[in-house]
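Novice: With the hints as constraints, model all of the structure from the sequences given.
Protein chains: 2
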Amino acid sequence: MRLVSVDEVRAAAERIRGVAVRTPLLACPWAERPERTLWLKPENLQPIGAFKVRGAWNALAVLPESERAAGVVAFSSGNHAQAVAYAARAGGVPAVIVIDDTAPALKIAATKELGAEVVLAPPAERAAVARALAAERGATLIPPYDHPNVIAGQGTAGLEIAEDRPDVASVLVPISGGGLASGIAVAVKALCPKAAVFGVEPELAADTRDSFKAGELVRWPSEDRVRTSADGLRAEPSELTFAHLTALLDDVLTVSEAEIRSTVGELAARSRIVAEPSGAVAPAAYLHRTDVLPPGPCVAVVSGGNIDPALFVDILRERTHS
Amino acid sequence: MRLVSVDEVRAAAERIRGVAVRTPLLACPWAERPERTLWLKPENLQPIGAFKVRGAWNALAVLPESERAAGVVAFSSGNHAQAVAYAARAGGVPAVIVIDDTAPALKIAATKELGAEVVLAPPAERAAVARALAAERGATLIPPYDHPNVIAGQGTAGLEIAEDRPDVASVLVPISGGGLASGIAVAVKALCPKAAVFGVEPELAADTRDSFKAGELVRWPSEDRVRTSADGLRAEPSELTFAHLTALLDDVLTVSEAEIRSTVGELAARSRIVAEPSGAVAPAAYLHRTDVLPPGPCVAVVSGGNIDPALFVDILRERTHS
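Residue numbers (the UniProt record's numbering), protein chains in the order written: chain F, 1 to 322; chain Y, 1 to 322.
Because the hints were derived from the structure by calculation, they are not lab data. Please read all numbers here as calculations on a predicted model, not as lab measurements. Take these hints with a grain of salt, some might be off.
Note that the list lumps identical chains together, so a pair holds whenever it fits in one copy or between two copies.
To be verified - EDC-like mimics (lysine to aspartate or glutamate), calculated; alpha carbons at most 20 Å apart, straight line:
#1 Lys194 to Glu318
#2 Lys112 to Glu266
#3 Lys112 to Glu32
#4 Lys194 to Glu163
#5 Lys194 to Asp224
Specialist: See the structure below:
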């Protein structure tokens with residue numbers, strides 16, 4: 001299977017300039033260890049609160065004018081939906097978004113606010129519903145991860161990491177469908193070949209860890225994957241993203257629900273950023289899986305910040321009282 | 001009185017590269033109005049959670065080796081203390097920090113964690129205590145705002161605003177001692193002469209608004225200035241910073257305590273950043289003082305994120321329940 005090249009990621013970087021935020025790396029004096037330093041890549045600062053705007057914009061930007069006019073359709077566990085809605089509005093393209101009926105109300109409301117038509121569907125059916133809508137309207141389906149243009153767009157975050165910290169020793173990236181981890185691994189392995197790249201999953205949705213060990217896609221039932229609080233990490237890799245992950249990742253690490261929760265609190269109190277549970281898994285791995293990380297600068301990607309407000313309050317209260 | 005020049009700000013920008021974060025401007029789709037867009041300059045993302053690291057590092061970096069060895073002393077309502085401690089540690093310089101005995105425990109603990117010696121003093125006496133300590137030890141006093149090198153360092157944030165948004169129509173900056181507003185106004189007025197630059201204060205510490213109207217420094221008693229929840233904005237300008245403000249600012253705006261609180265909540269929920277009350281006054285002015293702002297892109301500086309955790313939880317709970 002043909003993997004995305006670093007040149008495709010570079011082309012994507014040209015396209016997204018001025019639409020996606022060029023996020024800085026944030027030093028974390030509070031998480032320094034004698035042998036290792038933590039740098040956050042805060043993708044929660046993107047306009048819709050997640051890295052997804054990179055891939056969505058890249059996929060939309062390459063569409064010919066005639067296809068744009070017919071509109072786009074997307075399905076998503078949440079952040080991709082907002083990203084396609086944002087990119088479509090920026091490009092003046094009509095958008096229909098199919099969202100899980102289990103997604104937080106905040107994500108659904110935010111997608112509507114961006115001018116998109118929203119259709120709710122059960123997680124297991126959303127892909128089929130989206131395909132049917134696209135066929136019916138002659139619109140283009142923008143998949144959340146299973147497309148080279150989406151992977152190349154997400155990979156621009158990896159280009160920026162290599163540019164800002166060419167001495168990076170390890171990069172930690174959350175895995176759900178695997179688009180972000182695939183794209184970042186393409187860029188980092190091409191530009192910083194000595195750096196280790198680790199995928200990170202919640203223990204409760206560790207299908208990719210199992211697949212990586214088995215050398216082939218191992219499927220977890222969706223009722224298992226929905227148990228994690230990291231609602232952005234409940235999807236599973238496609239053949240395309242899994243081909244990238246097996247070729248490029250050094251390993252897949254997992255973190256517990258308690259580690260995810262406490263890291264959301266640490267990031268708010270010590271790095272002054274709001275991360276959603278999915279966005280906290282990579283820094284959680286830095287804090288709790290130190291045995292496998294090489295010494296030197298470690299970059300952890302904070303993939304998003306669209307946390308349910310009540311959950312965020314709960315986590316901060318626990319931290320204040322402990 | 002000689003004002004800091006844009007060339008001094010440019011020289012400071014060279015010095016702080018790699019120490020201070022090059023913060024991006026963050027688009028806020030949630031705060032778009034037909035005639036105006038909001039861009040946040042998130043200085044809460046600096047290593048110590050506030051813009052102060054810019055000025056502190058610039059002031060330290062210019063010291064000759066012999067003076068560095070004798071150490072530095074600083075006094076501060078909080079964030080400047082941490083900034084000097086951070087810069088001193090980075091430069092291997094001993095630091096003594098005099099902090100208000102009314103400052104949040106978080107700020108005091110964070111300063112000690114950075115390796116500095118901490119001395120507590122009542123707000124009205126901290127300057128005198130710091131001067132006495134400096135004299136006693138032969139150390140250099142790094143003032144929080146009353147120095148050209150500190151003003152030039154803070155001004156680097158203004159250079160970055162002009163670089164990222166040369167079409168900026170207005171810039172909103174909090175005022176306490178006035179170092180940040182002075183430095184940013186120097187850079188913005190030099191590079192974007194059409195842009196309006198507004199200082200912003202809490203209504204409960206609006207001494208600079210009164211001074212600006214009167215054309216001379218009007219002093220508020222410190223017992224009045226400490227009433228605001230914006231504990232970083234309780235200081236007052238010096239002759240030097242006031243000279244910059246009168247020469248360069250278009251006006252000084254004020255915001256209420258309720259507006260500050262609700263804006264802290266908005267910034268967390270909609271822009272996924274943790275702002276302290278002092279850091280929220282500029283975006284609060286964008287949201288609530290629209291009558292005086294010119295149309296076009298508005299940049300609001302979020303000066304810091306070191307909020308008391310219990311206060312942050314209170315504000316988020318209010319927002320969730322309303």
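Novice: Taking the hints in turn, state whether each one holds.
Specialist: For each hint, the structure was consulted:
Proximity of lysine 194 and glutamate 318 under a CA criterion of 20 Å is satisfied in neither setting, with 39 Å inside one chain copy and 48 Å between copies. Proximity of lysine 112 to glutamate 266 under the C-alpha cut-off of 20 Å is restricted to the inter-copy arrangement: shortest distance 18 Å between copies versus 31 Å within a copy. Only between protomers do lysine 112 and glutamate 32 lie at most 20 Å apart by alpha-carbon distance; the minimum there is 15 Å, versus 41 Å within a single protomer. For the identical chains of this complex, lysine 194 and glutamate 163 are intra-copy neighbours only, at 15 Å inside a copy versus 34 Å across copies, given an alpha-carbon limit of 20 Å.
In the homo-oligomer, the alpha carbons of lysine 194 and aspartate 224 never lie at most 20 Å apart, since the shortest distance is 36 Å inside one protomer and 58 Å across protomers.
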